[in-house]
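*Asks:* Please construct the entire structure, taking both the sequences and the accompanying hints into account.
Protein sequences appear in the order of chains A and B.
Going by our numbering, the first sequence opens with residue 1, and the numbers climb by one from there.
Going by our numbering, the second sequence opens with residue 1001, and the numbers climb by one from there.
No false leads were slipped in.
Here are the simulated DSSO-like pairs of lysine-lysine, each with C-alpha atoms no more than 27 Å apart in a straight line:
| hint | chain 1 | residue 1 | chain 2 | residue 2 |
| --- | --- | --- | --- | --- |
| 1 | B | K1012 | A | K228 |
| 2 | A | K330 | B | K1079 |
| 3 | B | K1079 | B | K1117 |
| 4 | A | K228 | A | K300 |
| 5 | A | K228 | A | K155 |
| 6 | B | K1117 | B | K1194 |
| 7 | A | K155 | B | K1012 |
Everything labelled a hint here was simulated from the structure, so no lab data went into it.
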Amino acid sequence: MSATAPSPRYDMAVVRGFALSTLLWGVVGMLVGLIAALQLVWPALNFPPYLTFGRIRPLHTNAVIFGFTLGAVFTGSYYGVQRLCRVRMFSDTLSRINLWGWNAIIVAAALTFLTGNAGPKEYAELEWPIDVAIAVVWVVYAVNFFGTIARRREKGMYVAIWFWIATILTIAMLHIFNSLALPVSLWKSYSIYSGIHDANIQWWYGHNAVGFLLTTPILGLMYYFLPKQAGRPIYSHRLSIVHFWSLIFIYMWAGPHHLIYSPLPDWAQTLGTGFSIMLILPSWGGMLNGLLTLRGAWDKLRTDPILKMMAVGITFYGMSTFEGPMMAVKTVNSLSHFTNWTIGHVHSGALGWVALTCFATLYYVIPRLWHTTLYSVRLAELHFWVATLGLVLYVTSMWISGVTQGLMWRAVNPDGSLAYTFIESVAAIRIYDGIRAAGGALFLSGALVMVYNVIQTIRQGSVEVPETAPAGALPVAGGR
Amino acid sequence: MAWNWHRPLEAKGLTFSVLTFLAVAVGGLVLLIPPYFLQGSIDPIEGVHPYTALELEGRDVYVREGCVNCHSQMVRPFKTETDRYGPYSLAGEGIYDRPFLYGSRRTGPDLARVGGKYPDSWHWLHFRDPREIEPRSHMPAYAFLGEQALDLSLAERKLAVLRRLGHPYTDAEVTGAVADAEAQAARIAASLRKDGVQLGDVEARSEAIALIAYVQRLGSDLGWRQAAPTAAAPAPAVAQTAAAAEGAR
Chain A
1 MSATAPSPRY DMAVVRGFAL STLLWGVVGM LVGLIAALQL VWPALNFPPY LTFGRIRPLH
61 TNAVIFGFTL GAVFTGSYYG VQRLCRVRMF SDTLSRINLW GWNAIIVAAA LTFLTGNAGP
121 KEYAELEWPI DVAIAVVWVV YAVNFFGTIA RRREKGMYVA IWFWIATILT IAMLHIFNSL
181 ALPVSLWKSY SIYSGIHDAN IQWWYGHNAV GFLLTTPILG LMYYFLPKQA GRPIYSHRLS
241 IVHFWSLIFI YMWAGPHHLI YSPLPDWAQT LGTGFSIMLI LPSWGGMLNG LLTLRGAWDK
301 LRTDPILKMM AVGITFYGMS TFEGPMMAVK TVNSLSHFTN WTIGHVHSGA LGWVALTCFA
361 TLYYVIPRLW HTTLYSVRLA ELHFWVATLG LVLYVTSMWI SGVTQGLMWR AVNPDGSLAY
421 TFIESVAAIR IYDGIRAAGG ALFLSGALVM VYNVIQTIRQ GSVEVPETAP AGALPVAGGR
Chain B
1001 MAWNWHRPLE AKGLTFSVLT FLAVAVGGLV LLIPPYFLQG SIDPIEGVHP YTALELEGRD
1061 VYVREGCVNC HSQMVRPFKT ETDRYGPYSL AGEGIYDRPF LYGSRRTGPD LARVGGKYPD
1121 SWHWLHFRDP REIEPRSHMP AYAFLGEQAL DLSLAERKLA VLRRLGHPYT DAEVTGAVAD
1181 AEAQAARIAA SLRKDGVQLG DVEARSEAIA LIAYVQRLGS DLGWRQAAPT AAAPAPAVAQ
1241 TAAAAEGAR
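*Replies:* In structure tokens, the structure reads:
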């Protein structure tokens, strides 16, 4: 193989593009999150009209979900699907449209949040022109992905592909139905649903955005990159089958747990609670399949920070998928809902499971994409420990403040009157808001260490395949 | 180890994808379709009526500033919640809320029942600087809302679009949207001036006025609070705060 080969077997340019944009949006999204956290401690850090908590909080969530997480999913799935199908992407043009179109959408989204041209439905705040663009680019990704599968030179589809298929189909359905609105102008529209119906649709979307943006495609990353990094096959194919079908089926029923004690009909709330509890089983099936894959490879964790991130990520997946169903129980929800406990729960999943798995994916692919080795394993090790410390500070402070606030809201004096005013519950948790910001700052600084490590790795590497290609850089064509 | 029955499916991309889609579609069909048709899901409530043109503009300011990120509008059926805020939320209240604004985090208090709780002048001062009223508050200061004239250029169109979605606005309400909004803004400005707030021309038709119209409307359809908000005499303490704050400016 030479650098002048006319048609490289796989298209890695699109993967390089997404790897870099993922890192960029990760840093931007986490920085904005840190600013928002600091604004809660020091309100003077709000700079109206553009930089107020109300405008930058959705910028934070959208940048980390759609820019960072989904960027990592594009990176990992474009990298993995070509290898799993033993064929180049269906269309290089569609790959370019996906890369540039998606990043243009994130830029447009960021601008519309700062200028206040966005709606209030969580993780679906964007106005209709951007919603249309998202649908178009998503279809481009789908055509490219399914086209690649259709032309595959491998008989069976590996389990990672199943999870990416489920992601593509489900997100298309959720996005389209939740975003339906009648425009008033270019940047203003009204939802075609109102009140409780709108709430029902929104949390069908919102819960399953967690399910099919932050869970299934990340499981796809786990199923592809964990066996690669550990050098072990997946523990159980049977467990993969059971956990895939039960997870995607059960997930879709759990949305109403966001609307417990709301005016949503009781039967729907109860279904949401019931299916949330059932969800523990497939979730833990996935966790066990991941952790047991490490059997015989645990010693590698001592020296391999990428494997450490994967193992801790899977562990946090297990913890947050146990915590979530507990919070869907009415008795617990009556305490936890509307408090920081929810924020802690989300970040135990988002920082612990999602971000660590995405970091591990990037650490795996970037040296291979630039045909070199990682610049510094020690810096990756530092990243892992700083991120884990930040994560623990973040989650524990939010648990304590959430329970504190929930208990203060329901506390009564002996005569039955309310024991605390609302502002007392605000003042009581300010210290925890500060600890949370410190945890977030640590997590962000870990990401910055990674950026330095990646820049140095790219500087010592090359886009072109070196004459003496390292093993595994580009698999040789043909031959099963 | 492996289940052989599943192997053929793993080799059929299209069949696999169709089955995957069916598996994810069932939950949505069961949870989303019946509430639209089942009797009793939404009991109509007498007194619930669409927002006025100015209230709607205020609601859009509330949406634009992301107030929902910190303020819920959903009172749960617990005694400690109804004691703190007012009657618990009902499905029938939300039929003119597009989109809904339940929120999911109470960084600040719930606002579903805030209409009529405070005089207009309280809100004016509170938007300008929440810490003038509550030093421990960590809400951003929204002084610019009071300095920025409300843009009514889309007011008529907004009502027309909502009428197409089923909100019962009359022709006169749609075509008179701008005039109605200006008249309601003038009434709120008058109540602010009565409380000692000095308003210039722009301030008297600012976005803050529309936001006051909206928050004073919240929960008022139920008629559970006795005093009408705008007509209510301000508490002496608030009047003094208003005067002092104006003096300090």
